[in-house]
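What follows is each chain in one-letter form.
Protein chains: 2
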Amino acid sequence: MNTGTEKKPRFCIAIHGGAGTIRRSEMSPEKKAVVENDLLESIRAGIQILEKSGKAIDACVAAVSVLEDSPHFNAGKGSVFNSDGFIEMDAQVMCGNSLRAGAVTCIRNIKNPIKLARAILEEGRHVLLSGPGAEKEAKRLGLDFESDPYFFTQFRYDQLQNALNKKTIELDHSDTGDGRFGTVGAVALDEFGDLAASTSTGGMTNQKPGRVGDTPLVGCGNYANNKTCAVSCTGIGESFVRAVSAYDVSAMMEYGKMPLEEACNKVIREKLPAVDGEGGLIAADHLGNLSLPFISKGMYRAWCKAGEDIQLKIYRN
Amino acid sequence: MNTGTEKKPRFCIAIHGGAGTIRRSEMSPEKKAVVENDLLESIRAGIQILEKSGKAIDACVAAVSVLEDSPHFNAGKGSVFNSDGFIEMDAQVMCGNSLRAGAVTCIRNIKNPIKLARAILEEGRHVLLSGPGAEKEAKRLGLDFESDPYFFTQFRYDQLQNALNKKTIELDHSDTGDGRFGTVGAVALDEFGDLAASTSTGGMTNQKPGRVGDTPLVGCGNYANNKTCAVSCTGIGESFVRAVSAYDVSAMMEYGKMPLEEACNKVIREKLPAVDGEGGLIAADHLGNLSLPFISKGMYRAWCKAGEDIQLKIYRN
Numbered sequence: 001m002n003t004g005t006e007k008k009p010r011f012c013i014a015i016h017g018g019a020g021t022i023r024r025s026e027m028s029p030e031k032k033a034v035v036e037n038d039l040l041e042s043i044r045a046g047i048q049i050l051e052k053s054g055k056a057i058d059a060c061v062a063a064v065s066v067l068e069d070s071p072h073f074n075a076g077k078g079s080v081f082n083s084d085g086f087i088e089m090d091a092q093v094m095c096g097n098s099l100r101a102g103a104v105t106c107i108r109n110i111k112n113p114i115k116l117a118r119a120i121l122e123e124g125r126h127v128l129l130s131g132p133g134a135e136k137e138a139k140r141l142g143l144d145f146e147s148d149p150y151f152f153t154q155f156r157y158d159q160l161q162n163a164l165n166k167k168t169i170e171l172d173h174s175d176t177g178d179g180r181f182g183t184v185g186a187v188a189l190d191e192f193g194d195l196a197a198s199t200s201t202g203g204m205t206n207q208k209p210g211r212v213g214d215t216p217l218v219g220c221g222n223y224a225n226n227k228t229c230a231v232s233c234t235g236i237g238e239s240f241v242r243a244v245s246a247y248d249v250s251a252m253m254e255y256g257k258m259p260l261e262e263a264c265n266k267v268i269r270e271k272l273p274a275v276d277g278e279g280g281l282i283a284a285d286h287l288g289n290l291s292l293p294f295i296s297k298g299m300y301r302a303w304c305k306a307g308e309d310i311q312l313k314i315y316r317n
Numbered sequence: 001m002n003t004g005t006e007k008k009p010r011f012c013i014a015i016h017g018g019a020g021t022i023r024r025s026e027m028s029p030e031k032k033a034v035v036e037n038d039l040l041e042s043i044r045a046g047i048q049i050l051e052k053s054g055k056a057i058d059a060c061v062a063a064v065s066v067l068e069d070s071p072h073f074n075a076g077k078g079s080v081f082n083s084d085g086f087i088e089m090d091a092q093v094m095c096g097n098s099l100r101a102g103a104v105t106c107i108r109n110i111k112n113p114i115k116l117a118r119a120i121l122e123e124g125r126h127v128l129l130s131g132p133g134a135e136k137e138a139k140r141l142g143l144d145f146e147s148d149p150y151f152f153t154q155f156r157y158d159q160l161q162n163a164l165n166k167k168t169i170e171l172d173h174s175d176t177g178d179g180r181f182g183t184v185g186a187v188a189l190d191e192f193g194d195l196a197a198s199t200s201t202g203g204m205t206n207q208k209p210g211r212v213g214d215t216p217l218v219g220c221g222n223y224a225n226n227k228t229c230a231v232s233c234t235g236i237g238e239s240f241v242r243a244v245s246a247y248d249v250s251a252m253m254e255y256g257k258m259p260l261e262e263a264c265n266k267v268i269r270e271k272l273p274a275v276d277g278e279g280g281l282i283a284a285d286h287l288g289n290l291s292l293p294f295i296s297k298g299m300y301r302a303w304c305k306a307g308e309d310i311q312l313k314i315y316r317n
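Protein chains in written order, with the working numbering: chain A, 1 to 317; chain B, 1 to 317.
FYI, nobody ran anything at the bench for these hints, they're computed from the structure. Be aware that one or more of the hints could be misleading.
Covered stretches of chain B, as calculated for chain A (at least 3 residues, CB under 8 Å) [unchecked claim]:
id, region
1, 97-104
2, 117-129
3, 214-220
4, 227-233
5, 244-252
Nothing here was measured: the structure is a model prediction, and the numbers come from that model. Don't be surprised by glycine CBs; every beta carbon is placed ideally from N, CA and C.
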């Protein structure tokens with residue numbers, strides 16, 4: 001999907017709520033409305049910042065925070081359970097202007113992992129913190145914590161039991177049907193020409209404790225560079241890691257002189273399947289183009305360019 | 001340093017023991033001999049495998065294991081202490097044939113982190129495991145554990161006290177002078193045309209607990225792809241992460257049609273300083289070329305092509 005290269009907009013933003021096996025047959029109008037409402041609230045939080053001449057990074061963090069606060073997505077409050085029955089979350093934010101990034105992995109009980117990632121970016125000493133060390137840093141920085149019941153959703157618990165019985169690792173969005181979906185992310189270009197990308201996830205149902213997917217890894221599940229693009233990925237994390245997918249889009253643009261759309265399609269339709277991958281990504285370039293390709297059945301997504309209406313889609317058409 | 005492109009050798013291998021402020025004035029002949037001996041033992045372990053028609057990945061793991069077992073390098077036994085006074089280690093191995101990778105971060109008491117990374121690669125379900133989850137997996141897979149005293153070295157302890165007093169994070173190899181140096185790694189091309197890369201580290205003295213550097217991150221501190229090259233990095237980890245350095249070498253070769261030497265130099269001399277970085281890397285390409293650039297004062301390194309003598313250097317000349 002190319003939204004056009006006619007004229008550089010003052011700003012643009014795209015968000016996703018995960019890609020995967022999203023069955024039309026199991027999607028009641030009520031469920032669809034709830035998810036769509038969350039996605040709209042998320043993108044509006046970003047647009048509000050960009051309209052007031054705010055920064056792309058602030059818009060991305062705001063948009064992802066809304067989805068982390070919803071129980072309907074696999075990030076923050078609605079995160080999936082690992083094989084030991086607890087939740088570990090990952091998040092990353094990157095600024096295309098400075099190439100500074102902040103990320104966290106395997107953290108527990110932090111209300112908004114993306115805000116901790118942002119705080120680590122601002123602090124600047126390290127890029128990625130994991131586990132209890134990251135939680136210690138969150139305490140020092142004054143981030144909000146929540147107890148286990150805040151994160152508990154019956155649906156995710158049932159998903160784990162189902163996966164344990166089948167001995168499979170479930171993609172966050174597989175076998176859903178009641179309106180609780182995947183990894184979330186946002187990309188934006190602000191009026192100063194700065195790009196940013198943010199991504200947050202609870203990983204995969206029944207994953208091993210300590211498993212790190214693509215989300216917190218710079219260049220794999222998330223990347224931003226003002227010279228090229230901002231990218232947020234969703235799908236089978238290990239494949240995005242092996243393909244260094246987010247940075248690969250940027251590298252094809254920088255070294256291969258490809259336009260955004262071509263680079264995104266090559267990553268999702270050729271490179272990802274070559275490493276047993278499935279999923280999608282959202283991307284914005286420095287000219288205000290957007291691309292949102294996926295090879296799963298659906299991807300929860302919304303996008304907007306300054307002065308235009310918000311677009312929202314779940315399925316291919 | 002280009003070791004020539006005349007004829008494709010049957011195999012080749014390069015290793016490093018870290019890059020940094022290595023002062024000639026503080027390097028006694030005795031200290032130099034000890035370090036050189038370890039480096040020779042390491043590369044010979046790799047060569048022995050390659051000579052017997054072994055695989056590049058086996059050579060890389062063997063070479064790095066030798067340096068992990070030495071107290072003179074910041075990996076395995078000689079690892080540095082974090083700001084809370086304990087050791088957390090990272091390692092990664094990647095196979096250029098399958099693009100499969102295995103990695104661990106923030107692990108404690110595992111004798112050879114690179115062997116755990118290798119086991120995770122073989123297991124194939126996940127790519128990167130962290131902390132207690134990774135240690136649980138190590139127990140399941142039967143890896144060797146060692147107690148804290150095994151990893152203790154007085155020199156590293158003194159380095160931490162020094163860093164705590166100065167409130168700085170020390171690069172693993174800064175202010176050395178008694179023969180205990182940095183992050184270790186290996187790259188190799190085997191006679192089947194397969195490339196591999198392996199890297200292992202204890203991180204940076206006085207780093208925050210839970211800090212993840214470039215070493216375990218695919219495409220940042222370590223990468224291998226038969227189409228292009230195998231790369232292992234050493235230096236200020238956060239900069240290699242922000243620059244996605246190891247994959248960047250590969251991307252410049254694949255999309256920018258650069259030869260290995262040019263791509264490596266661009267990453268180390270241009271891209272890394274642009275994100276406040278310092279360090280070096282070792283790389284091998286699919287034609288058997290080797291490149292070992294660095295911008296620090298020195299880099300412990302050795303390399304060999306089939307049928308030629310082993311080369312070993314510390315300083316620029």
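Here is what the structure says about each hint:
no.	hint	verdict
1	97-104	holds (count 3)
2	117-129	holds (count 5)
3	214-220	holds (count 4)
4	227-233	violated (count 0)
5	244-252	holds (count 5)
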